[in-house]
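Protein chains: 8
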Amino acid sequence: MQTGTKKILEAVRNGSMSVEDALLALKTAPFADVGFAKIDLHREIRRGYPEVIYGQGKTTPQIAAILEATVRNGGGNILITRLSGEAAAEISKTFPIDYHPLSKTAFLGEIPAPDGIGTVLVACAGTSDLPVAEEAARTAEVFGNKVERLYDVGVAGLHRLLSAKEKIMTSSVIVAAAGMEGALPSVIAGLADCPVIALPTSVGYGASFGGLAALLGMLNSCSGGVCVVNIDNGFGAGFLAGMINHMGPRA
Amino acid sequence: MQTGTKKILEAVRNGSMSVEDALLALKTAPFADVGFAKIDLHREIRRGYPEVIYGQGKTTPQIAAILEATVRNGGGNILITRLSGEAAAEISKTFPIDYHPLSKTAFLGEIPAPDGIGTVLVACAGTSDLPVAEEAARTAEVFGNKVERLYDVGVAGLHRLLSAKEKIMTSSVIVAAAGMEGALPSVIAGLADCPVIALPTSVGYGASFGGLAALLGMLNSCSGGVCVVNIDNGFGAGFLAGMINHMGPRA
Amino acid sequence: MQTGTKKILEAVRNGSMSVEDALLALKTAPFADVGFAKIDLHREIRRGYPEVIYGQGKTTPQIAAILEATVRNGGGNILITRLSGEAAAEISKTFPIDYHPLSKTAFLGEIPAPDGIGTVLVACAGTSDLPVAEEAARTAEVFGNKVERLYDVGVAGLHRLLSAKEKIMTSSVIVAAAGMEGALPSVIAGLADCPVIALPTSVGYGASFGGLAALLGMLNSCSGGVCVVNIDNGFGAGFLAGMINHMGPRA
Amino acid sequence: MQTGTKKILEAVRNGSMSVEDALLALKTAPFADVGFAKIDLHREIRRGYPEVIYGQGKTTPQIAAILEATVRNGGGNILITRLSGEAAAEISKTFPIDYHPLSKTAFLGEIPAPDGIGTVLVACAGTSDLPVAEEAARTAEVFGNKVERLYDVGVAGLHRLLSAKEKIMTSSVIVAAAGMEGALPSVIAGLADCPVIALPTSVGYGASFGGLAALLGMLNSCSGGVCVVNIDNGFGAGFLAGMINHMGPRA
Amino acid sequence: MQTGTKKILEAVRNGSMSVEDALLALKTAPFADVGFAKIDLHREIRRGYPEVIYGQGKTTPQIAAILEATVRNGGGNILITRLSGEAAAEISKTFPIDYHPLSKTAFLGEIPAPDGIGTVLVACAGTSDLPVAEEAARTAEVFGNKVERLYDVGVAGLHRLLSAKEKIMTSSVIVAAAGMEGALPSVIAGLADCPVIALPTSVGYGASFGGLAALLGMLNSCSGGVCVVNIDNGFGAGFLAGMINHMGPRA
Amino acid sequence: MQTGTKKILEAVRNGSMSVEDALLALKTAPFADVGFAKIDLHREIRRGYPEVIYGQGKTTPQIAAILEATVRNGGGNILITRLSGEAAAEISKTFPIDYHPLSKTAFLGEIPAPDGIGTVLVACAGTSDLPVAEEAARTAEVFGNKVERLYDVGVAGLHRLLSAKEKIMTSSVIVAAAGMEGALPSVIAGLADCPVIALPTSVGYGASFGGLAALLGMLNSCSGGVCVVNIDNGFGAGFLAGMINHMGPRA
Amino acid sequence: MQTGTKKILEAVRNGSMSVEDALLALKTAPFADVGFAKIDLHREIRRGYPEVIYGQGKTTPQIAAILEATVRNGGGNILITRLSGEAAAEISKTFPIDYHPLSKTAFLGEIPAPDGIGTVLVACAGTSDLPVAEEAARTAEVFGNKVERLYDVGVAGLHRLLSAKEKIMTSSVIVAAAGMEGALPSVIAGLADCPVIALPTSVGYGASFGGLAALLGMLNSCSGGVCVVNIDNGFGAGFLAGMINHMGPRA
Amino acid sequence: MQTGTKKILEAVRNGSMSVEDALLALKTAPFADVGFAKIDLHREIRRGYPEVIYGQGKTTPQIAAILEATVRNGGGNILITRLSGEAAAEISKTFPIDYHPLSKTAFLGEIPAPDGIGTVLVACAGTSDLPVAEEAARTAEVFGNKVERLYDVGVAGLHRLLSAKEKIMTSSVIVAAAGMEGALPSVIAGLADCPVIALPTSVGYGASFGGLAALLGMLNSCSGGVCVVNIDNGFGAGFLAGMINHMGPRA
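Protein chains in written order, with this note's numbering: chain A, 1 to 251; chain B, 1 to 251; chain C, 1 to 251; chain D, 1 to 251; chain E, 1 to 251; chain F, 1 to 251; chain G, 1 to 251; chain H, 1 to 251.
Incorrect hints may appear among the rest.
[Claimed, not checked] What the simulated footprint calls covered on chain H by chain F, stretch by stretch (three residues with Cβ under 8 Å from a Cβ of chain F suffice, anywhere in the stretch; the number is not a length):
{"hint": "1", "region": "147 to 156"}
{"hint": "2", "region": "203 to 211"}
{"hint": "3", "region": "214 to 223"}
[Claimed, not checked] For lysine-lysine, the following DSBU-like pairs were computed, each having C-alpha atoms within a straight-line distance of at most 35 Å:
{"hint": "4", "chain 1": "A", "residue 1": "Lys167", "chain 2": "B", "residue 2": "Lys146"}
{"hint": "5", "chain 1": "D", "residue 1": "Lys146", "chain 2": "D", "residue 2": "Lys167"}
{"hint": "6", "chain 1": "H", "residue 1": "Lys167", "chain 2": "H", "residue 2": "Lys146"}
{"hint": "7", "chain 1": "C", "residue 1": "Lys167", "chain 2": "B", "residue 2": "Lys146"}
{"hint": "8", "chain 1": "C", "residue 1": "Lys93", "chain 2": "B", "residue 2": "Lys146"}
[Said to hold, decoys possible] Simulated restraints, written as ranges between beta carbons of each label pair:
{"hint": "9", "chain 1": "E", "residue 1": "Ala113", "chain 2": "G", "residue 2": "Gln56", "range": "37 to 45 Å"}
{"hint": "10", "chain 1": "C", "residue 1": "Ala113", "chain 2": "A", "residue 2": "His100", "range": "53 to 61 Å"}
{"hint": "11", "chain 1": "B", "residue 1": "Lys93", "chain 2": "D", "residue 2": "Glu68", "range": "22 to 30 Å"}
{"hint": "12", "chain 1": "G", "residue 1": "Asp33", "chain 2": "D", "residue 2": "Glu68", "range": "44 to 52 Å"}
{"hint": "13", "chain 1": "C", "residue 1": "Ser84", "chain 2": "E", "residue 2": "Pro101", "range": "25 to 33 Å"}
{"hint": "14", "chain 1": "F", "residue 1": "Gly76", "chain 2": "G", "residue 2": "Leu162", "range": "27 to 35 Å"}
Keep in mind that the hints were calculated from the coordinates and are not lab data.
Cβ atoms here follow ideal geometry from the backbone N, Cα and C, with glycine treated the same way.
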C-alpha cells in the first residue's frame, strides 16, 4: 500500500512528476483498512506532520490496533488525543508513548523543532480551562511550533491581561480559551494584530449550558480577526494555529 | 380612593401612625380600576418617584385612559416607556408630555433634582445599543439621579474603554448595555468597585439569537458585583440603578 | 510583590498620594503568579473584604497552593466556595478553616462585624434550595453584613410568605432563591421597596431544564427593582447584596 | 348524512338503544367532506355544545364554506376563533355572526344559558393579556358557563390580587392567563381549592421568547391542581374550563 | 398551633362562623416551622385529603422530621412521593409506611374509600412509562378516587387502544402518560368526552430530549379538553384528576 | 456539453458500454455554468425524471436564466418549487408553465404517465397543511406516480382517519403531513404496512415553535417504518415517495 | 388467541377470504396481555418478519416475560434490541439467544435467507458510530436483507468514500450513520440513485449537543432522496431499509 | 488628533522609535468622538488597510457623520458593510462610493493591489448564499487580496466540487459559505491543505433555524484546519482570510 506513495515520491525526485501532481495523487492515495477504521498513512510524508489518532469513543484495543497499523506502514510521529490515563497505561506497555495527564495527549516519536513564522500564544481565562488549553498547546508543539502559555488572564482582572500586552502584540497567532462568558478572545483580539482562534470550554455551571454561553459569545465577537472552534476542541485550535503559523508561499 | 392615602399621610404627620405602619398601609391601599387595568396611585407620594406606564402592548386609547386616571387621582410625575412616535403625537394633543424618540420615553411633569449617593454611569458597547441605553439613562434621571453617559466603548477597542477608567472607578452604580457577545459588563466590573447592572440588548445578527448570546454571557460573568436584567429592559436597569443610588439608612 | 501595595498605602498616609490615585494604582498592582493561576493580593486591603477562592474545577492541591500563596502574601480573611467535603477535610489538615457542608463554603480568618446600611434578607422557596441560599447568606456574612434567613416560603403557600411581610418590607436588600417556576422574587419585589436579587436554582425536574425555567421567569419579572444572577450562583448574589448594603458617599 | 344521527337519536328516544351505545355510535358517525376539510356535524346534538371552526390558517372562502356546510347540515350554534376583522366583515355579509374584535371570536346562533356547577373565573396578569383572556372567557360563555373576569392582577402588585381573594376561593374552575414570567397561576392556585388552568401568553419581550418563559414557569408550578395549555390557546383553556365546570354523574 | 384550626372548626359547628369564612381562615392559618421547612397542617382537615411530602431533593432526616412534625400535629394520612428505596427502608423503621417501589411512593395511614364522580382512568403508552403512570394512579387512589389502569396502549398499535374504547368513553377523567412522541393524549381525547390530563414522561432517547418532544407534542394537541403537566409529574396529574373527579356544587 | 451525454448513451445502445459504467459516467458528467449557478443537465435522460429548480431565495431573473439554460440544453420536463405568484406570472410570459398557487409549484412539459409499484398516498392532518401536502403530491405526480389525497384526517377525530383504513393499508408508500403535535404519521404507520414519510409542517402557534414540536414528535415515533424530512419540505417527501414507489431490480 | 390467526389463514388458503380482508383482520387481531405489556403475536405470520422486543427501559424480568409469552404463543424469530450484556447473560440461561455486544442486539431463532430487491448498504462516518451502524445492519439482516458494510468513510477523507463509489451506486437502499456534523448522508445521496436513510448518532462533544448537530444537518440535506430517523435509532433505520428493499407489487 | 500618529511615524522613520514601540503606541492612540460613536483613525496608517464602518443598526445620518469624520481625519480607504440601497443612494450624493447591491458593501477610495501570500478562494454552496459570499469576497479584495470565486458547489452534486479540485488544493486560504446542512467546509477541508474559514449562512427553512443547523454542523467538522465565524458574517470571514493570507515574519 505504501508502495504507491513511494513511487509518487520517487517520480517527484527524478522530475517525472510535478510537485502539484504529486500532492493531488497523494490526496487520493489508498489507506490501510483495519476493518473498523480506514487509516490514512501519508500525512507525515506530505507535510512532516504527525499522524493523529482521536482517542475518544474508541476502545483501547481499537486505539492500539490503529497505532500498530500506522507504525507498521511507516508512520513515525503519532499524536493521540483524548486518551484516558487507563488507556495510556495499557498502550505504553507496547509503545513508548509520552503521556501528559493534564491534556490527555500522548505522543509517539520525536517532536520536530519549531519552524513556523513566529510564536503561537495559548491563553486561557481560568485555572479550570487548563486541560483544554494544554491540548491546544501540545498539539501546536508536536506540529512544529514554538508555543508560549499565558494562563489565568480572565477579563474580570483586566490588569493581569494588560500586563502581558507585549506578548499578545508580538505573537504570530493566538489561541484564546475560556468558559463561562467567553469574553477573553474579544478582548485579546482588540489588542492583537494577528488571527485569534477562540476556543470555548465547557467550564462553568448554570447558564453556561456546557460551554454554549462561551461559544455564542465568541461567535458574536465584535473584534476583527477572530474565528471559533468547537467547545473543548483544543486539538482543532492548536492544529489550525500551527497551520496558520506555517503559512508561506506555495511551491 | 385617594382619601385613604391622604388620611394615612395625615396620621403620619400628626404622629398617630409610625412611618413603617404607614408604608405597610400604603402597600395594601386600593387602586383605580379602569376596567382593563388597575392603576396604583400612590407610588409618587410614597417615594417622590413618578408613576410609570409601560406602553408596549397597550393601545393609544388605553394609554391615554390610564394617564388620564392617574392625573385625575393626583399623580404628578408620570413616565411612559415604549411609546411609539405615533402614540406620542396623539397623546401630546391632550397632555404636555416631553417625548424622546431615541429612547421612546415620554415624561409628564417636572424631573426632580438629582439627590442620590453619587453618579449613575450608563455605558454602552456600540451605536446600535443607544436606544436601550437611553431608556435606562432617562429612567434614572426622572427618578432623581445624576446620570453620565459613556457610549461606543465596546471591548473590541479596549483603549476607548480604558480612557474612561476614572469615570468608571468613581461612579456610584453602573449600567452596562451591550448586544452581540455582551462582554462589556464583565470588563467594566473588573475595573469598578460598585454594582454593575448588565443590560443585554437585542443588537446583533446570526448567533446573537435576539440578545440571547449577550444575556448568557452576562449571566456567566466572572466579575463580582454584576447582575442582569432582561434583554432590552432599559427601564428595569435604570430603575434599579436609581434605587441602589438612593440606598441609605431606613427610618 | 506586596511591597508595591505597601508603598502606595504609605504614600496615601503621608498625603503624597490621593485616595483615588491609590485606588487606581492598586487596581493595576501586580499579582502572585503560581503557574496555573495569577492571584490578586490586595482586595482585602482595599475594602476590608476577604479574598475569595472559587473551588469548583480546581484540584485540592491547586486550592491549597492558592491558599498558601494568599496567606504568605498577607491575606488574612479568605472565603473558599464550592469546596467538597473531601477537599475541605484535606485542606483543614494545614489551615484552620471553618467549613459548612450545606453551603460548601469554608472560611479562614475572622468574620468581620456587620456594618452595612441594614439587613440582608435571604429568602428561599423550598427546602431543596437551602444549599444555594446558604452560600449566598454566608457570603454576605463574611463580607460584613447582618443576614436574616426566610426559608421555605414558596408562592404555592402564600400565607407563609405574607406572614413575613414586615421582615420583607424593612430589609435593606433581599436575595430571593427559587428553582422550579422561580416566582418568588417577583412576589417579594411586589412587597418590598428595596433591591431584590433573584437567584435561580437548579432545583426541579422535567421542564425546569436545570434551572432554565426559573432563570427565564426571573428575567421576565414584572416587578421593579429586580435583577438576576446565574443559576445556583449563591456567591454572586451574596456578594452583590453586600456591596449594595454598603452603598454610601464616596470619599 | 344527518340521517344516521337522527336515527340514532330516535332509537335512544324509543328505548331501543342505550345512551352509551348511542354515544359510541355518534363518535364514529360520518362527516361532511368539503374537499379540503372533513366537518364533524353532531357535536352540538351530543352535548348541546356549539360546533367550532378554528379560523387561523384558513382562507376566508374556506371558513365560509365550512360555515355553510355546517349550517346546511343542521348545525345551530357555531363559534369561530382566530378570525381577523377583515374575514369577519366578509363573512357577516352572509351570516349574522356576532364578532368581538378583542378576542377575534365570532358566534353564530344563541348563547346557551349558563348551567354548569359554578362560576368560571378568567384572570389575567396585565392589560396586554386581554385578547387571549377574552378568547377563553367567550369560549366558556358560548359553552354554557357563567364567567367572571379578573383582569390586571399580576403578582407584581399582590394587593390587587389579594383584594379578590373571595372571588378566587369561591370559583368552580379558574383560567389564569399571563405572559412574561407567568407566575399568576401558581399564586392563584395557592389561594384556590379548585382546578386552575394556566394559560401562558406570548406577551413580553427579550427573554420571554414568545411565551416560552411563561410556559416553562407554569409547567414548573409547585402549586397543586394546576395544568397548562399551549401559549395563547385561549380557546383550549376556556373549553376545558367549561368541561370541568360541567362535571357530574354519567348516565 | 392546631388550636386555631380546632377553634375555627368548632365555630363552624356551632354556627357562629360560615363555612366560607372558615375556609378563608384556614387558608391563612399558621404552620409548623421546623427550621428548614414550614409545614402546612390542615389540608386533611379541610378536604379529607392527605398531607403530601415531596421527597426529592430532601435528605432522609429532613423527610423524617417533616413526617414526625406532621404526625405530632395531628396529620393522619400522609403521602410521600419520590422516595428512594433506601430512604423508605430507613423511615419504615419508625413509621409504618406502605411503600411501592415502582411508583416510589409511600403512604402512612388509611386510604379513603373512593367517593368521586366516577372513575379516573390512567393510561400509558409503553412499559417504560409505568413508574410515572403509577405515581399518578396511586396519588389519585389515596385522594379518594376509583382508578382504572390501561397500560401499553401506544398509538403505534392502535388496535390495542381501540379495544379499550368503552373504558375510555365512560371514564370521568383520564390521565394519559407517554414519552417519545407523546401522541397518546391527543388520540385518547379524540375518543373521550371528559378532561384528559396529558402527562409527558422522560422515556425515550435522542431527539426526545428528556421528555421535551412529548411535552411539546401534548401542548400542541389539536383535541379539545386536553391540558398538560410537567414531565414525569405523576403526582400533579393524579392530584388534579382527583380534584376534577370531585367537582360538585359548592356549599 | 450535451454531446458527452449523447455519446455515453450511444455507447450503451451499441453495447460498447455497460449500463452501470454509463451511470457512473453520467454522474460525473459536466454541467452548464451560468455564473451564479451550475446546472445539472442530464437527470431527465438518466431516469425519465424532470429537472428541478428550487425557487426560494432566487430572484426571478435567476430562475428564468436557469430555466432558459436547461431548456436550451435539451431539458424537457422541469419542475419549479417555491415559486411565488408574482414570479410565476413573470416567467409564464416566456415559458408555458402550469402553475398551482396552492402548492406554489410550476411545471413545464408533460407529466409522465404513472408507472410505479402502486399508489402514493398523501395524507394531511388539517386544512392549513394543504400547501405543503400539495407540494408533496404534485412532486410525486410529475415524477411519474399515481397519487391519492387524504386530507383533514388529524388524530383528534380518529373516526375520519379510520374510515380510510383500506386506503391506508393498500398504498405503496405514504406521505403524512402534520403541524401542531405531528401525531398523524405514527398513527398511520400503526395501520399501514408500507414506508411512511413523516412531513412536519410549520402550521401552529405558541409551543409549536415553527414546526419544531411536530418535527420532534415525528422523529420520536414508536411506529416502525417511519422516516422524517425537514419542516415544510413537501418536495423532499414527494420525491422520496416517488423513488420508493419505483423500487425494483437493478439491471 | 393464536386460534383466530390460524382461522384467518385457513380461510385465505381455502379461498373464502381475500388476502386484503385477511390483512385487515390480522391488524385488529387480539394480543397477549401480560399486565405491564400488550404483546402483538402475529407480525411474523403476516410478513415472515421477526417479532421485536425493545429492551431499553425494561427490566430483565420484564424482557424475559415478554419473550416467554411470545414464544409460548408461537413466535419463532425474535429480535431484542438495546439489551445490556448483563441482561443478555441472564436471559441466555433460559433462551438460546445469539447476542452481539457491539450492537447490543440479541436474536432468537433462525435468520431468514435474504430475499429483497438488492443490497442494503450500511455506511458510517467514524469508528465511534459502529454500535449504532451495527444495530441497523443486524436489524436489516434478521429481516431478510443482504447487507454490506462501509465503515469509517467520513467526509473529512473524501477519497475513502469515493473509493467505494461503485458500491454506493449499485445498492438498493443505503443507511448512512454519522455523528458530529452529520454530512455523510448528503454526500452519499449526491452519489447514489436510491433512497438514503440518514441515521444521526450521538457521537461527538461540545456543540454536537448529543447528536442534535448531526440531526439538524441531515434534516437540512440538499440532496434528493434523503430521510432521517431519530438519533441513535439504528433499529428504525435498519427496519425501514429492509421494508424499502422489499418493495414490490401488492397482491 | 492625527498629530500624535504622525509624530509616531516620523519617529519610526528617523529611527528614534522601534517599529514595535510604534505599534504599541498606535494601539493606544486617541480616537475621534462624534457623540454617538468613537472613531478609530489610524488603522489604515498602521497596516495599509481600509477603515471599516459597520452599517447595520446605524441611521443614514450616523453613517454619513462617521464617514465624514473619518475622511476629515485623513482616512483614505473606507469600507462600509451592510449598507442598504437607500442609504447608499443618499450617501453617494456626498461621497463617491462604489456600491455593490448584491453584497451590500460600499467602498470609498482605491482598492489596493493584491499582495498576500496567494489566492483567497471564496466558495459557496448555493445561489442563495451569494450575498454573504460576496461580502466576504469583496472584503478580502479591499484588504489587498487576490480573490477567486467558486459558487454553487454544494455537496449534493459532488462532481461540481470535485471538478474544482486543483483550485481548492492550490489556494492560500479558503472561505466556504453554506446554509442548510453546512457540509461544504468539511468536504473542502478534506481536499485542501490550507486554513478553511467556515461561513454559515441563514439560507434555508424549517429545521435550519436561521442558520443554526449550518453553524452547528461547521463547528462539529471532523476535518482539520477548519474554524467558524458567525452566521452571515461575510465581513469577518473575508477579513480573517485576508489576515491569514498576509501572514509572514514580523519585523
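Okay, the hints, checked on the actual structure:
Under a criterion of three residues with beta carbons nearer than 8 Å to beta carbons of chain F, the stated coverage of the region 147 to 156 of chain H is upheld, 3 such residues being counted. For the region 203 to 211 of chain H, the proposed coverage by chain F is satisfied: 5 residues have a C-beta within less than 8 Å of a C-beta in that chain, meeting the threshold of three. Check result for the region 214 to 223 of chain H against chain F: violated, 0 residues qualifying (beta carbon to beta carbon below 8 Å, three or more required). This hinted pair does not check out: Lys167(A) and Lys146(B) have alpha carbons roughly 41 Å apart, beyond 35 Å.
A C-alpha spacing of about 13 Å is found between Lys146(D) and Lys167(D), which places the hinted pair at or below 35 Å, so the restraint holds. Note on Lys167(H) and Lys146(H): the hinted pairing holds, with a Cα-Cα distance of about 13 Å set against a maximum of 35 Å. Taking the CA atoms of Lys167(C) and Lys146(B), the gap is near 31 Å; set against the 35 Å cutoff, the hint holds. Distance hint between Lys93(C) and Lys146(B) is unfulfilled; the C-alpha atoms sit about 52 Å from each other, more than 35 Å.
For the pair Ala113(E) and Gln56(G), the beta carbons lie near 39 Å from each other, so the given range of 37 to 45 Å is met. For Ala113(C) paired with His100(A), a C-beta distance near 49 Å fails the hint of 53 to 61 Å. As the Cβ distance of Lys93(B) to Glu68(D) is approximately 46 Å, the hint placing it in 22 to 30 Å is violated. Checking the proposed 44 to 52 Å range against Asp33(G) and Glu68(D) shows it holds: the Cβ atoms sit about 47 Å from each other.
Against the hinted window of 25 to 33 Å, the Cβ-Cβ separation of Ser84(C) and Pro101(E) comes to about 31 Å, which satisfies the hint. For the pair Gly76(F) and Leu162(G), the supplied restraint of 27 to 35 Å holds, since their beta-carbon distance comes to about 31 Å.
When held up to the earlier numbered hints, the structure conflicts with 3, 4, 8, 10, 11 and fits the remainder.
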